[in-house]
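Peer 1: Residue-level listing of the chains:
There are 2 protein chains.
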Amino acid sequence: MLATALAEARAGLDEGGVPIGAALYGPDGTLWGRGRNRRVQDGDPSAHAETTAFRAAGRRPGYRGTTMVTTLSPCWYCSGLVRQFGISRLVVGEARTFHGGHDWLARHGVRIVVLDDPECLALMREFTAARPELWREDIGGLGAE
Amino acid sequence: MLATALAEARAGLDEGGVPIGAALYGPDGTLWGRGRNRRVQDGDPSAHAETTAFRAAGRRPGYRGTTMVTTLSPCWYCSGLVRQFGISRLVVGEARTFHGGHDWLARHGVRIVVLDDPECLALMREFTAARPELWREDIGGLGAE
Chain A
102 MLATALAEAR AGLDEGGVPI GAALYGPDGT LWGRGRNRRV QDGDPSAHAE
152 TTAFRAAGRR PGYRGTTMVT TLSPCWYCSG LVRQFGISRL VVGEARTFHG
202 GHDWLARHGV RIVVLDDPEC LALMREFTAA RPELWREDIG GLGAE
Chain B
102 MLATALAEAR AGLDEGGVPI GAALYGPDGT LWGRGRNRRV QDGDPSAHAE
152 TTAFRAAGRR PGYRGTTMVT TLSPCWYCSG LVRQFGISRL VVGEARTFHG
202 GHDWLARHGV RIVVLDDPEC LALMREFTAA RPELWREDIG GLGAE
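Residue numbers (our numbering), protein chains in the order written: chain A, 102 to 246; chain B, 102 to 246.
Accuracy of the hints is not assured; some may be wrong.
What the hints assert, rightly or not - Now the stretches of chain A that chain B is said to cover, found in silico as 3 or more residues with beta-carbon under 8 Å: (1) 126-136; (2) 140-147; (3) 184-197.
To be verified - Chain B regions said to be covered by chain A (calculated; three or more residues, Cβ under 8 Å): (4) 137-146; (5) 151-165; (6) 169-180; (7) 184-194.
If you're looking for bench data, these hints aren't it; they were derived computationally from the structure. Note that the Cβ used here is the ideal one computed from N, Cα and C, for glycine as well.
Work out the full structure: start from the sequences and follow the hints.
Peer 2: Okay, structure coming up:
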């Protein structure tokens, strides 16, 4: 499942964007939607990877049994998405370069798997070193301190 | 400030959508972006009103001093948006038909004003009575219970 999210993240990097990818899977393991951060590509600050994958999945009556896979620990916005819509499981590629809301989600009943994947980690380490201002903007600029 | 969000909510109702509107104001009180729930109109489950207003404001280096105005207490997804991006103030039209994350935001330093506005309340009471299945879908279906 991580391969799809990672492919999205790499495609984002190639486009000059923020290299974070995500994919949402249905209860039977079929892919519902995939996406990547599109802040740069679309000029859309709401287009975090998890939101883009959720949007790509279209309207659904419910999310019980679904799994969101993301290359990076989700920020509060995307953590709120997982909690609000009752997404059952969250698979996180890495949580070292950014520690988002996955502990909070665990406390609210979401099953969490943190993979500590070296490829996800390398992508974000290189990106945050090369484009600190873009990374800062993506997680809320000055307000996020 | 509530007038703009209310106008968005009414426009959403006229379009057959979920009647929730929002507007994001800059530190000097100028309108940065406005929007309404567009789940029905665009088939986009991520298009909650606050997210739509945030998206309409485009890329910004930071959100310190900004005010998000919404006709209804924000769900966890949109509450996460306010927290992550460091939006300073949140004005809520009403919080009776849905009690979202505004208490949580207050604990994390966001200034909250709940207006208990009768027009916002009437819009949502009529909508949730008339379209319970659509409302349920908008806040996460079965998973939100």
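Peer 1: Now look at each hint and say whether the structure bears it out.
Peer 2: Taking the hints in turn, this is what the structure says about them:
Coverage of the region 126-136 of chain A by chain B is violated [criterion: at least 3 residues with CB-CB distance below 8 Å; count 0]. Interface restraint, the region 140-147 of chain A with chain B: holds (5 residues with C-beta to C-beta distance below 8 Å; minimum three). With 6 residues carrying a beta carbon less than 8 Å from a beta carbon of chain B, the region 184-197 of chain A meets the three-residue requirement, and the given coverage holds. By the rule of at least three residues with a Cβ nearer than 8 Å to a Cβ of chain A, the coverage given for the region 137-146 of chain B holds, with 4 such residues.
For a cut-off of 8 Å, the count of residues in the region 151-165 of chain B with a CB near a CB of chain A stands at 11, and the three-residue condition holds. Check result for the region 169-180 of chain B against chain A: holds, 5 residues qualifying (beta carbon to beta carbon below 8 Å, three or more required). With 6 residues having a beta carbon nearer than 8 Å to a beta carbon of chain A, the region 184-194 of chain B meets the requirement of three or more and the stated coverage holds.
Violated hints amount to a single one, hint 1; each of the other numbered hints is respected by the structure.
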